[in-house]
Structure formats: C-alpha cells, structure tokens
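What follows is the residue order along each chain.
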Amino acid sequence: QASRDSSVNKKIPEALNSRKPKKLSCTSVKASGSWASCPAGKAVTGCSCGYGCGSWDVQNGITCHCQCAGMDWTAARCCQLV
Amino acid sequence: QASRDSSVNKKIPEALNSRKPKKLSCTSVKASGSWASCPAGKAVTGCSCGYGCGSWDVQNGITCHCQCAGMDWTAARCCQLV
Amino acid sequence: QASRDSSVNKKIPEALNSRKPKKLSCTSVKASGSWASCPAGKAVTGCSCGYGCGSWDVQNGITCHCQCAGMDWTAARCCQLV
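Chains as they are written, first to last, in the working numbering: chain A, 1 to 82; chain B, 1 to 82; chain C, 1 to 82.
Worth flagging that the hints you see were computed from the coordinates, not collected in a lab.
C-beta atoms are modelled at their ideal positions from N, C-alpha and C, and glycine is treated no differently.
Any given hint might turn out to be false.
Claimed, not checked - Computed from the model, here is a short list of chain A residues facing chain C with C-beta under 8 Å:
hint, residue
1, Lys20
2, Cys26
3, Cys49
4, Ala75
5, Arg77
Said to hold, decoys possible - Covered stretches of chain B, going by a simulated chain A footprint (3 or more residues, C-beta under 8 Å):
hint, stretch
6, 11–18
7, 67–81
Kindly generate the complete structure, drawing on both the sequences and the hints.
Here it is in structure tokens:
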C-alpha cells in the first residue's frame, strides 16, 4: 500500500505541474457608432470611445456602449483565459 | 508496479480534464460622485466616468477614481475567475 | 486493482483541491506622454488618459496609446493570473 501511495503522490504533482498554466489574453474589437461587442466567451474589461469620450457602460454583459452624443466609434477590450 | 503506474497515468489526466475550466467574469459597479469600488475578491480592469471624462486612476487596488472636476458618477469594471 | 483505484481516485481530487486557486491581479503603469506599456506577461485590460481623454487604443498588444492631442500622461491597466 505504502509504495502504491508514494507513486500516486509523486505522479499527481508531476501531472499538475506539466500542464501549461492558463494566462490572460486580451484583444480589442472596434466598430463604428456607439456600440462594440466582444465575441462570445470573452469578457469586457474596458471600453474606449471616439471624440475623447470617457463615459461608457456595458450592456448585456458583452457590449460596450459609449454614452456621448454623435459617437463615431466604440472599441471594446475583450479578455479571456487561454 | 507497471500496471499500477498505468492506472495512475490514466486517471490523473481524466481527473484534470473533467474539472470545469475557470473563466473570466466581469461586472460593473456604479456609484455617484468620483469613486466606485469593486467588491473584495474582484480586480479593477477599467473605469468609466461621467461628463465624458476619461482620466481615472485606481486607488487602494480596488477603487476607481475619476479625476475630472464635479464628477456626477463613476463606474468600476470588476473582474474575477469563476 | 479495486483498492488501488480507490486510493488513486481519492488522492487526485485531494491534490487538486489543495492547490491554491489562481486569481486575477491588476496594477496600473503610468507614463508621461501618449503611451504606457504593461510589463511582459501582463495583459492590457484598459487605459486612462490625461486631460479627460477617453479615446485610446492598444498597440502591439501591450501598449496603451491615448489619441487626444498634446497628451500629458497615459496609464495602462495591466492584469495577470497569480
């Protein structure tokens, strides 16, 4: 039993440490107008807007909405674990 | 020994792959005035401000601070692994 | 065989659950002018700019660029798993 356990105890950490650790990966999605959405599976971490506008909100959990009038473009920063 | 190892070698990856992979989840926290904080356990990934203001900083690691004068609202984008 | 499997079946979840879960950690990097970069290994989740400017983009995957003219400072929000 003891030698069986020691093999298991050795192998599990080895297996865990051999796996490629997850890391955070982000891209931007830009669209004309006041809205820009992240693809499914990615999360919105921030938004950028045209005309120097810094007022935005996130709608439906995945869509950046720039609130200033007459917005020419909106960009969403979209992140996921890879 | 060999057959014991092979069972371990087979079971570990099975166990690892059966676990639900972590993913990034983000929400917004909005407050009136110049500050908005993320709940404990969540990280600030970005901030949004009223009056089109795009100048912000993060205080105490968890609080968005909008720097423009007379700020009516501030929103923090708060993310965590779930 | 059965008792060997049950030891493995018990030990693997124990090993997995004993590992410290990863969490999201973010910091800010501020620089004068129109650009600010995250250190290697960290992802840009958002950017902040001087003069209330909210128009930014991310260049080379790691550098915040504030687009408004005559930018005095730029800050990048940089996140990673720890």
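Those earlier numbered hints the structure runs against, lowest number first
When the structure is compared with the hints, only number 1 turns out to be violated.
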